[in-house]
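Colleague: Read top to bottom, the protein sequences are chains A and B. When we follow my numbering, the leftmost residue of the first sequence carries the number 2, and every step to the right adds one. When we follow my numbering, the leftmost residue of the second sequence carries the number 24, and every step to the right adds one.
Bear in mind the hints are in silico, worked out from the structure with no lab data behind them. Model, not experiment: these values are computed from the prediction. Even glycine gets a Cβ: it sits at the ideal position worked out from N, Cα and C. Careful: at least some of the hints might be erroneous.
[What the hints assert, rightly or not] No farther apart than 27 Å at their CA atoms in a straight line, the calculated lysine-lysine pairs in the DSSO-like style are these:
1. K67(A) with K316(B)
2. K206(A) with K77(A)
3. K309(B) with K67(A)
4. K22(A) with K248(B)
5. K309(B) with K92(B)
6. K199(A) with K211(A)
[Claimed, not checked] Residues on chain A that point at chain B, a partial pick, calculated with CB under 10 Å:
7. E19
8. V23
9. D26
10. Y42
11. R98
12. R99
13. I104
14. Q110
15. S131
16. F151
17. I152
18. R180
19. R196
20. K206
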Amino acid sequence: MKSKITIGILGIQGDIEENKKVAEDALNHLKLTGTVQLVKYSQDLNEIDGLILPGGESTVVGTLIKIRDGLLTAIKRRIMEDMPVLGTCAGMIMLSRRAYDRIIGDTKQELLSSLDIVVERNAFGRQKDSFEAGLQIPALGQNSAFKGVFIRAPIVSEVGNAVDIIARLDDKIVGVRQRNIIATSFHPELSGDNRIHKEFIRVVKDYKLKKLTVDSNAV
Amino acid sequence: MTISLVAAEYESKGIGYIKSENSANRGTTLLKRGFAHMQKHGVIMDVTSVEQSQIAEEAGAVAVMVLDKLPYDVRKSGGVARTASVKTIEDIMDAVSIPIMAKCRIGHVSEADILSVMGVDMIDESEVLTPADELRHIWKWNYTTPFVNGAKNLGEALRRVEEGCAMIRTKGEPGTGNVAEAVTHITRVNNEIRHVCSLSENYPELIKASRELMVSLPLVEETAKIGRIPVVNFAAGGISTPADAALLMNLGCDGVFVGSGVFKADDASERAQAIVLAVAYHDNPKIVFEAQKMVDEKKSMLGLDTNHLELKMQERGPSV
């Protein structure tokens, strides 16, 4: 494939630069030409082949993309057209169809509702209960365990039929995939391991290839 | 690695982190600094009640900082300022889903312990409260709860990192509604970092710089290598308007704390929203303008002239 891949990072709030860095590493590792750029306005979405929703506070991101520039609807539309998305922690919450807090209950927050899951926010407790734990993620091959960095992390409490579970921690669901949408409760951008970002970029590459084929057939 | 862990060797000097049997580790440097990374590009708001914390969350605050009195009122009331009431903090913890931070006095290990046991998400060892130890800061590696500390220059910032804090904020001059001091502090830190960067790999100069800054060499080396403070760095002290927040973001801060600026203004809710918007889009003057339009200058806190203050909070506490 000749054309270069453009990965977008939703650049509103959270660990934006950290995701950018790992995505760039992953592109290099896969020997793909591509760029990683921030998405802050709805027109930025026209330039990208895949979007990463970083970690942060989902309530903040939701509030801002709702009031800004139709960003919420624009992102939803691109996801509906099958654009690949990776959501980590707050990003997973943003993608879900319903979110509730372990203590507070249902949170009145804006969600993309693109991924057929329900998430429980702060499911493990507060920051002092944040933890690192080794995860077995079969989708990444039988290699060494992936270091899961869970910071005030959510868990997936319900999944729809179209959703595959890609990571579990004991009996809890902490990673899912639904077609081109990948979401994790943990922060792969902080673990010094780019395998999840690489997996995502492979999905983006396939999507782009398919799109190019469709476009050229149309000509 | 996207998080700097260079000072993490100090972890072993305290109880460090809790290594549990099922291999889930809590309180590691990565988790503590990682928490601060999640706050980036956000606004942390000072609150004194459940009602204020809900206004802050609704407006898009990334976290709330619970105090007994806003810094402006600490100044007005005089006396000793201590950590907030346990009851207030607990009520706020049950009322909002975003992280809760609270302040303890500088060097007051027991106040920090109490906040930690309660499960506050981050502790601010703060000069806004009356220092409890004039000579020592808390050894923060001992806690699973991450800490934030104030600094007005690079040496102070790195010394606090060396003591185990996971996040830095400029001191500014709290409760004045005047950003001048915060601007001075971040500009100074930026200039000092630029200087340290110019010494990269030049060890005779780096060791000299580390002695001048009164911090260990590895930390100075790391700063020179990555060209920034090795932990997340927020602006604080005197931010009152969306334009103030954008000014500090454009100077290279990772986010802002707003103390008295929101809840000492007469348009708290709109102002809180406007500051959140201005921080996220600080690099776009048109959107900062829109944010500024959401607030009324007549409703801003009046503020204080920092040249004629009875109490300079930034000068309080241990000198090294």
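Colleague: If a hint holds in the structure, say so; if it doesn't, say that too.
Modeller: Evaluated hints:
no. : hint                 : result
1   : K67(A) with K316(B)  : 19 Å, holds
2   : K206(A) with K77(A)  : 20 Å, holds
3   : K309(B) with K67(A)  : 18 Å, holds
4   : K22(A) with K248(B)  : 16 Å, holds
5   : K309(B) with K92(B)  : 35 Å, violated
6   : K199(A) with K211(A) : 18 Å, holds
7   : E19                  : 4 Å, holds
8   : V23                  : 6 Å, holds
9   : D26                  : 9 Å, holds
10  : Y42                  : 9 Å, holds
11  : R98                  : 18 Å, violated
12  : R99                  : 14 Å, violated
13  : I104                 : 6 Å, holds
14  : Q110                 : 8 Å, holds
15  : S131                 : 5 Å, holds
16  : F151                 : 8 Å, holds
17  : I152                 : 5 Å, holds
18  : R180                 : 28 Å, violated
19  : R196                 : 15 Å, violated
20  : K206                 : 23 Å, violated
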